Amino acid sequence: MPLCRVLTQVERQLSRLVEGALADEGLTVDQWRVLDLLSDGKGHSMSDIAMSIVVPGPTLTKIMDKLAEAALVFRLVDERDRRRVLAHLSEKGVAVHRSLKPRVKVVEAEALAGLGDSGAALVTTLSRLAAR
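The sequence shown runs 1 to 132 under our numbering.
Note that these hints are calculated values from the structure, not bench results. Note that the structure is a prediction, hence the values are computed from the model and not measured. The reader is advised that the hints may include incorrect statements.
[Stated by the list, open to error] Below are the DSS-like pairs computed for lysine-lysine, each with C-alpha atoms no more than 25 Å apart in a straight line:
id: 1; residue 1: Lys-66; residue 2: Lys-92
id: 2; residue 1: Lys-105; residue 2: Lys-66
id: 3; residue 1: Lys-105; residue 2: Lys-92
id: 4; residue 1: Lys-62; residue 2: Lys-42
id: 5; residue 1: Lys-42; residue 2: Lys-101
id: 6; residue 1: Lys-66; residue 2: Lys-101
id: 7; residue 1: Lys-101; residue 2: Lys-62
id: 8; residue 1: Lys-105; residue 2: Lys-42
id: 9; residue 1: Lys-92; residue 2: Lys-42
id: 10; residue 1: Lys-92; residue 2: Lys-62
id: 11; residue 1: Lys-66; residue 2: Lys-42
[Claimed, not checked] Listed next, with one range per pair, are the computed distances between beta-carbon atoms:
id: 12; residue 1: Val-77; residue 2: Ala-111; range: 35 to 45 Å
id: 13; residue 1: Glu-79; residue 2: Leu-3; range: 35 to 45 Å
id: 14; residue 1: Arg-80; residue 2: Ala-109; range: 34 to 44 Å
Beta carbons are placed, not taken as given, at the ideal position from N, Cα and C, and that holds for glycine.
Take these sequences, add in the hints, and give me the full structure.
As structure tokens, then:
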């Protein structure tokens with residue numbers, strides 16, 4: 001099977017499983033990806049977030065608007081570059097992320113469970129491939 005098709009199928013299956021773990025909070029996988037990225041506390045520009053979660057700008061705007069409406073994120077003007085806006089997790093967003101992270105980790109661990117030590121190596125290899 002071509003690599004592109006394999007990766008797409010794996011991503012879709014894993015996304016469905018992760019969405020099940022997020023169901024209690026009513027979040028989508030893309031919304032989770034934003035929360036997880038912002039959990040580093042650094043603040044990220046919209047373009048950085050879009051690149052990281054692999055969505056077009058207009059789609060990210062909708063995602064961010066929903067997260068802001070739910071009081072999970074907020075936006076601030078970057079003090080170093082007033083033209084940029086940085087997104088951050090709110091206190092509520094931090095709490096939601098903290099409660100969901102273990103559930104998502106369980107889903108990911110179960111997905112790799114049958115691979116033993118090669119599961120970690122696979123993730124490392126795929127991360128290198130994605131960084132190209």
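Against the structure, the hints come out as follows:
1. Lys-66 x Lys-92: Satisfied, since the Cα-Cα distance of roughly 14 Å is no more than 25 Å.
2. Lys-105 x Lys-66: holds (24 Å)
3. Lys-105 x Lys-92: holds (20 Å)
4. Lys-62 x Lys-42: Holds: Lys-62 and Lys-42 sit about 22 Å apart, inside 25 Å.
5. Lys-42 x Lys-101: It holds: about 18 Å lies between the C-alpha atoms, which stays within 25 Å.
6. Lys-66 x Lys-101: holds (20 Å)
7. Lys-101 x Lys-62: holds (23 Å)
8. Lys-105 x Lys-42: Roughly 22 Å separates the two Cα atoms, so the pair holds.
9. Lys-92 x Lys-42: holds (17 Å)
10. Lys-92 x Lys-62: holds (19 Å)
11. Lys-66 x Lys-42: holds (21 Å)
12. Val-77 x Ala-111: 35 to 45 Å: Holds - the Cβ-Cβ distance for Val-77 and Ala-111, about 39 Å, lies within 35 to 45 Å.
13. Glu-79 x Leu-3: 35 to 45 Å: 43 Å Cβ-Cβ, so the 35 to 45 Å window holds.
14. Arg-80 x Ala-109: 34 to 44 Å: 38 Å Cβ-Cβ, so the 34 to 44 Å window holds.
Every hint, counting from the list given before, is met by this structure.
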